[in-house]
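Enquirer: So the protein lines, in turn, are chains B and G. Using my numbering, read the first sequence as starting at 4 and increasing by one per residue. Using my numbering, read the second sequence as starting at 244 and increasing by one per residue.
Keep in mind the hints are simulated off the structure, nothing from the lab. Beta carbons: idealized from backbone N, C-alpha and C, even for Gly. Misleading hints may appear alongside valid ones.
[Said to hold, decoys possible] Quick list of the computed label-pair ranges, beta carbon to beta carbon:
#1 Arg89(B) / Lys335(G): 37 to 43 Å
#2 Ile75(B) / Ile281(G): 26 to 32 Å
#3 Arg274(G) / Lys48(B): 14 to 20 Å
#4 Glu280(G) / Pro104(B): 17 to 23 Å
#5 Glu64(B) / Glu280(G): 30 to 36 Å
#6 Gly58(B) / Pro268(G): 30 to 36 Å
#7 Lys142(B) / Arg274(G): 36 to 42 Å
#8 Pro91(B) / Pro283(G): 38 to 44 Å
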Amino acid sequence: MNPPRRNFLQLTSRLGALAAAWSAGLLASGWAWAATWNQAGFESKTLADVMKSLGATGAAESKEIVITAPDIAENGAVVPIAVTSRLPKTQQISIVAEKNPFPLAATFDLAGGGEGYVSARIKMGQTSDVWAVVKADGKYYVARKEVKITVGGCG
Amino acid sequence: MAEPMKIRATLQGDVADVRILMMHPMETGQRKDAKGEIIPLHFIQSVLVTHNGKPVLDTQWSQAVSRNPFLGLRIKGAKAGDKVGVTWTDNKGDKRTDEATVTPAS
Chain B
4 MNPPRRNFLQ LTSRLGALAA AWSAGLLASG WAWAATWNQA GFESKTLADV MKSLGATGAA
64 ESKEIVITAP DIAENGAVVP IAVTSRLPKT QQISIVAEKN PFPLAATFDL AGGGEGYVSA
124 RIKMGQTSDV WAVVKADGKY YVARKEVKIT VGGCG
Chain G
244 MAEPMKIRAT LQGDVADVRI LMMHPMETGQ RKDAKGEIIP LHFIQSVLVT HNGKPVLDTQ
304 WSQAVSRNPF LGLRIKGAKA GDKVGVTWTD NKGDKRTDEA TVTPAS
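Work out the full structure, taking the sequences as your base and the hints as a guide.
Expert: Here it is as structure tokens:
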């Protein structure tokens with residue numbers, strides 16, 4: 004055996020392990036803090052996958068959900084969307100832009116004092132249906148509205 | 244460090260109409276800079292809104308939310324002088340908390 008060579012090998016393998024752990028830690032740290040952040044949903048690329056991640060597959064359409072959004076949005080980078088839910092015990096509202104690269108844009112969890120209303124501005128890549136997925140009293144309901152986009156806002 | 248948020252909370256009956264404007268680039272990870280290199284993802288992942296310290300709205304956002312995001316909500320059972328607190332956290336771990344007071348409708 005050649006002791007210096009043995010030591011060198013040990014040293015490099017340790018360094019390698021350290022580097023691997025460090026990079027894994029770095030990659031994870033961007034996401035790991037939010038235990039509740041619906042990573043599967045936000046990384047889904049189709050409406051069906053988003054629904055699955057929310058547990059809302061096959062949700063019924065409801066007329067008690069009103070989506071306030073422009074019929075035609077000139078600038079896809081700023082599309083104002085407001086969702087009003089008149090369903091009793093509204094617990095959660097999600098906004099999904101069907102044809103975006105990652106359709107799920109936002110999920111809002113309402114605690115006791117919140118009224119069934121949220122508004123936000125989202126980016127949309129192209130003309131598409133915007134879905135509101137509402138969880139009320141443990142059940143899911145959906146509504147949709149088409150928004151035409153003149154200039155896309157994702158690129 | 245991030246710039247302060249603009250928060251306005253106006254009372255309408257017993258409901259506070261809260262409007263929040265945050266300052267954030269909200270990069271989608273799909274844009275390229277002048278050199279053709281992709282600008283990395285940088286966006287607000289979560290926003291927590293509290294009413295007198297009690298959480299009322301917990302949001303999860305993706306990069307599809309517009310730059311300098313706007314958030315509007317209504318808080319039931321609010322009174323003038325109540326405190327509305329907002330905290331956002333982005334995917335790089337940056338945080339910002341601001342607070343506003345509910346004002347009566349003029």
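Enquirer: Between Arg89(B) and Lys335(G), is the Cβ distance one that fits in 37 to 43 Å?
Expert: With Cβ atoms ~38 Å apart, the hint holds.
Enquirer: Are Glu280(G) and Pro104(B) spaced within 17 to 23 Å by their CB atoms?
Expert: holds (19 Å)
Enquirer: Determine whether the Cβ-Cβ distance between Gly58(B) and Pro268(G) falls within the hinted range of 30 to 36 Å.
Expert: holds (32 Å)
Enquirer: Does the Cβ distance between Lys142(B) and Arg274(G) fall inside 36 to 42 Å?
Expert: Taking Cβ atoms as reference, Lys142(B) and Arg274(G) lie about 39 Å apart, which means the hint holds.
Enquirer: Are Pro91(B) and Pro283(G) spaced within 38 to 44 Å by their CB atoms?
Expert: holds (43 Å)
Enquirer: Given a hint of 30 to 36 Å, does the C-beta separation of Glu64(B) and Glu280(G) actually sit inside it?
Expert: violated (43 Å)
Enquirer: Hint says 14 to 20 Å; check whether the CB-CB distance for Arg274(G) and Lys48(B) agrees.
Expert: holds (19 Å)
Enquirer: Just to be sure I understand the hint, the distance between the Cβ atoms of Ile75(B) and Ile281(G) should be within 26 to 32 Å; is that true here?
Expert: holds (30 Å)
The structure does not agree with numbered hint 5 stated previously, though it agrees with all others.
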